[in-house]
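Student: So you can see what is in the structure, the chains are spelled out below.
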Amino acid sequence: MTTTDRPATEASEGRAYEYQSGTFDPELVEVGRGTAAGELLRRYWHPVARSAEATTLPRQVRALGEDLILFRDARGTPGLVVPRCCHRGTSLFYGKVEATGIRCPYHGWLFAADGQCLDQPCEIDRGRNKASYRQPWYPVVEYHGLVFAFMGPGEKQPVFPRYDIFEDLDDGEEIVIIDHFAFGGPSDAPCNWFQTHENAMDPYHVFILHNAISGHQFDPKLEIWPHIEWQRHEWGVTATQDRLLPDGTILHRVTETRVPTVRVIPTPTLTVLGATNNLSWALPIDDTHTRVYAMVRKPVGVPPQGLPVYDGDRSWFDLSDDEHQVYPGDYETQVGQGAITLHSEEHLAASDRGVSMVRRLFKEQVHAVAEGGDPAGVHFDEANAVQTVVGGNYIVGPDTDLATIPLAESMQALAPPPARP
Amino acid sequence: MTTTDRPATEASEGRAYEYQSGTFDPELVEVGRGTAAGELLRRYWHPVARSAEATTLPRQVRALGEDLILFRDARGTPGLVVPRCCHRGTSLFYGKVEATGIRCPYHGWLFAADGQCLDQPCEIDRGRNKASYRQPWYPVVEYHGLVFAFMGPGEKQPVFPRYDIFEDLDDGEEIVIIDHFAFGGPSDAPCNWFQTHENAMDPYHVFILHNAISGHQFDPKLEIWPHIEWQRHEWGVTATQDRLLPDGTILHRVTETRVPTVRVIPTPTLTVLGATNNLSWALPIDDTHTRVYAMVRKPVGVPPQGLPVYDGDRSWFDLSDDEHQVYPGDYETQVGQGAITLHSEEHLAASDRGVSMVRRLFKEQVHAVAEGGDPAGVHFDEANAVQTVVGGNYIVGPDTDLATIPLAESMQALAPPPARP
Amino acid sequence: MTTTDRPATEASEGRAYEYQSGTFDPELVEVGRGTAAGELLRRYWHPVARSAEATTLPRQVRALGEDLILFRDARGTPGLVVPRCCHRGTSLFYGKVEATGIRCPYHGWLFAADGQCLDQPCEIDRGRNKASYRQPWYPVVEYHGLVFAFMGPGEKQPVFPRYDIFEDLDDGEEIVIIDHFAFGGPSDAPCNWFQTHENAMDPYHVFILHNAISGHQFDPKLEIWPHIEWQRHEWGVTATQDRLLPDGTILHRVTETRVPTVRVIPTPTLTVLGATNNLSWALPIDDTHTRVYAMVRKPVGVPPQGLPVYDGDRSWFDLSDDEHQVYPGDYETQVGQGAITLHSEEHLAASDRGVSMVRRLFKEQVHAVAEGGDPAGVHFDEANAVQTVVGGNYIVGPDTDLATIPLAESMQALAPPPARP
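Protein chains in written order, with my numbering: chain R, 1 to 421; chain U, 1 to 421; chain V, 1 to 421.
Just chain R, with the same shape it has in the complex (with noise of 0.2 Å):
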């Protein structure tokens, strides 16, 4: 037998057949109780349903990768429990709620929103040891229309973090939840959060995906080459893009990621100007599902935001399959990563740095956490609770008081104006 050898050639350099499939870095993506990540992430509040789907039919969420019955008692308060009965272990779905909780199908024991065991109807004297038992719950608080669960140990949960672009409303005004992924899209995609997350800081794929790959998705002004920045913060990372106009004023747009799963993109239509009137949750539903929640404020009666059109008046909704082929989005372009992207094998570049800080950011508050620490954005009294939002659309002009923008310092870069990369 004879081995024949051939030096391979320059041609035959990086064959796929060399090629070995990657890792992924759990430190970003797992959501799982007792995963790094995934105790960081219980040290938050998240979205994990709307107001209105809290009601006496228990409904089924999925949140951290856990499965949860939401069910909100006759009086109004809301709950939320471990589905498997705490007695024989039938699920809570079929449970009928009371005035004072949600009572299990199969023998009737009795749940409060809180857990507590309140009846058991087939002991004697309808459970003598009642108040020792407790159906496994995690508290629950609703805003502006969404519910949030706190999902790690008691002795850890903040106070609820409220957002200054939703606090004093004016008559006309109306806070209202959307069904949208990123701008185009189903609410829920099958792939880990963190590679829908990091896109908000990932200014330079507007360029691409949605101008010259799939049409013009956005207002055109976002295709005039800006300069852009990113910015670290304790609380998350921003980036600016600042784009010289042809009336001489600059547009000053700001986008938020802020620790863990919160990004602030306004409106990339830019029928919205000034401060930012929407902000995002990313719920990590499990490993590799997610959901959008998004908020915004608005005027009575106006449409929330213009969404991404195709071929006229089409939406991302309209659109087939192949059609989707031909015009990705933020949703095809993220769930194509994979249910959870590779890492190891990204290469990434200097127009990458911002996904780089977001990484970094998020990977040094899983430390913290592991290291028995306290993360950032936590805060434990009720004087911290409202956080300010700088994102934006800021249209600036020779009379605009910079004071007032915030982080202006990268609009000095426009003089002179840059040439495209």
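Worth flagging that the hints you see were computed from the coordinates, not collected in a lab. Please note that the accuracy of each hint is not assured.
[Claimed, not checked] Here are the computed distance ranges between Cβ atoms for each label pair:
# : chain 1 : residue 1 : chain 2 : residue 2 : range
1 : V       : 153       : U       : 26        : 27 to 35 Å
2 : R       : 347       : V       : 350       : 53 to 61 Å
3 : V       : 153       : R       : 141       : 25 to 33 Å
4 : R       : 50        : U       : 303       : 40 to 48 Å
5 : V       : 188       : U       : 77        : 36 to 44 Å
6 : R       : 326       : V       : 18        : 55 to 63 Å
7 : V       : 186       : R       : 314       : 30 to 38 Å
8 : U       : 303       : V       : 18        : 42 to 50 Å
We treat Cβ as the ideally placed atom computed from N, Cα and C, and that holds for glycine.
Using the hints, position chains U and V against chain R.
Tutor: For chains U and V alone, kept in the frame of chain R given last:
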């Protein structure tokens, strides 16, 4: 970095954050060959199909986690064999059934109902060694319209057990097989068989599930709170429910479970009084699927028995998923315990004593077999083939001869009538 | 506790209780990179798509267990690359194909058909280091309407093999690709490729499956019991089937298998006599899925060849599942062997000799590669590119020049004609 240590408040206790998913008891639930419980199950005959399903068209059946092919040769003998042909492995599902057996479609080997190879048409002299080949097979018996198989070791094959309630039919009587899951629901359920089985010794759930939760599914008399006792026998566990009726008579209801999979639930609509007219077998299809075969003796031309009715005249099959959530029954609560319930997470109470007794008796048989013995309810001589059933809905008045009433002792507790616990 | 020990009777033998599920031979069936058999397969060119499927719209293909993206750049060059973009990992399925390659939709990196990165539009100077990036790729060749890929190590890439039966087309002739699975059934089958492959050296099943079981699927002459011999060659295994026809001539039918995946089955409807007009490749999609690509040379305007007909004028695709059970064909019996057949459970007989020979030759090549050698049928110089096919349906009469008939020696056994075994 500092750590915020705050004491847990009472309201913080019992959070799902501390909840750990549990484990099941393999000695109750496993059905596979080689498992302790699976070997016990293999010491009994199990129904695997209706007789009408054994035809010259091969049929796939699954029992105790094993896939098999059922057929009936053209002379009328049913056969049950491994699907994979012992020659080259294609499925006998595609076989041609002839007078003497089933012929593999690929190369034509012919196997009798007992697996014996009868022909090898592509071999010299049609197979000089064919007598040494045998397709793996199981013996079957037909009984009142069901095909039963013995799937254990040949030297442990017991006589086929018959039941006195199905012997000596009068003219005008017949025995039928009916499709339902514990009086409401499909006959196949995606959960382990044991959680459907032990339910038969859980009379308390009737008052909750079948009355308080989902309306009046059974006869109103069953809503009277009874005196309940359980009795252990060599062959199974029984429960007595005694109720003092308004007319001074006693409704003495007796239900049974028999090792391993038989349960006797006299019709809860009370349309049949006296000894039960029905008996059911739970067939463990595999670890997470169960079929219930129910046999009913009844007058010709009369419907088998009433099933629960919802909203006037609708059966389980007429309800939507949303309606099943609102009107759960046995199917929903038992499947709702999960594919295999988690015994380690249960909190059994006094009302669960019957369930505990069923489990204990079953596990004792598992241990008996593991130690080389024969389990309860198994007989090897035909003289012991007929079993005596005690279940029924008995109306006992002052003139009733208590010697004719099974387990009559339990009624002594009704003088004076018990207060509702 | 006593044990009932009773001797097994003869009727008890061979019960499925003793049957253990078996194992497959990994050297025959595994296709993944790094497995012994998978590495052998990677020394040959495999068809992965029709040429018409390589367009400017990217297409997902799967071959040897690897997911790939096929495209054809706007200048006509086909490319086959790993789906996951080497930059940030989104799928090139959503890429835009341009004149020189495929552009990632997310950040616009452009890759040539050979994976070379040609543009990085978000980087300075459109990517100063772009020459150092290469998307993992495989070389492809187009041949008579099929795209073939070489998925092995570059230094082992052989010349692309052509076949003499597809060379030198006359006017009025054409070569077409047809969709069918071994003459009846869909071209994709959910089973390992080897069980479809070895079937080609199993002529006996024709008399059973295609005649006795499922009616007369092929030409009636094939129902005459033949004299069968098998021949081993350096490049594969052949089978000869010789039949004395009523007119005194001999039908000398030759079928082939060639390492690794080629089989030559002259049309069994005998509509083409002489050298075969067709040849097929079994593409191992992955361990449990197979596609058959069949190439046919024929006069323009004539249908490729007759497929089996059921009930007058219905094809496989017109039959219901119930009808497929009653009229099984190659698809049913080969898929019926399971996703991967269990070689340890087989009982090969004298009529299976051809199957044994195909397996032995294949495993010898697996071992040759494992030991560092080159396998059979692989050539590295263009002079050896054209392969000679010997399969065909030859009618041999007294005037036939036997020198023109491949493997004519086998016909000597027909004098005197063999008795049917």
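Student: It remains to establish, for every hint, whether it holds in the given structure.
Tutor: Hint-by-hint comparison with the structure:
1. The hinted range of 27 to 35 Å is not satisfied by residue 153/V and residue 26/U, whose Cβ atoms lie roughly 48 Å apart.
2. The hinted range of 53 to 61 Å is satisfied by residue 347/R and residue 350/V, whose Cβ atoms lie roughly 59 Å apart.
3. Between residue 153/V and residue 141/R the Cβ separation comes to about 59 Å, which falls outside the hinted range of 25 to 33 Å.
4. Checked against the hint of 40 to 48 Å, the C-beta distance between residue 50/R and residue 303/U comes to roughly 47 Å, which is consistent with it.
5. Under the hint 36 to 44 Å, the C-beta atoms of residue 188/V and residue 77/U, about 39 Å apart, fit the expected range.
6. With their beta carbons about 59 Å apart, residue 326/R and residue 18/V fall inside the hinted range of 55 to 63 Å.
7. Between residue 186/V and residue 314/R the Cβ separation comes to about 35 Å, which falls inside the hinted range of 30 to 38 Å.
8. Evaluation of the 42 to 50 Å hint for residue 303/U and residue 18/V yields a pass: the beta carbon distance comes to about 45 Å.
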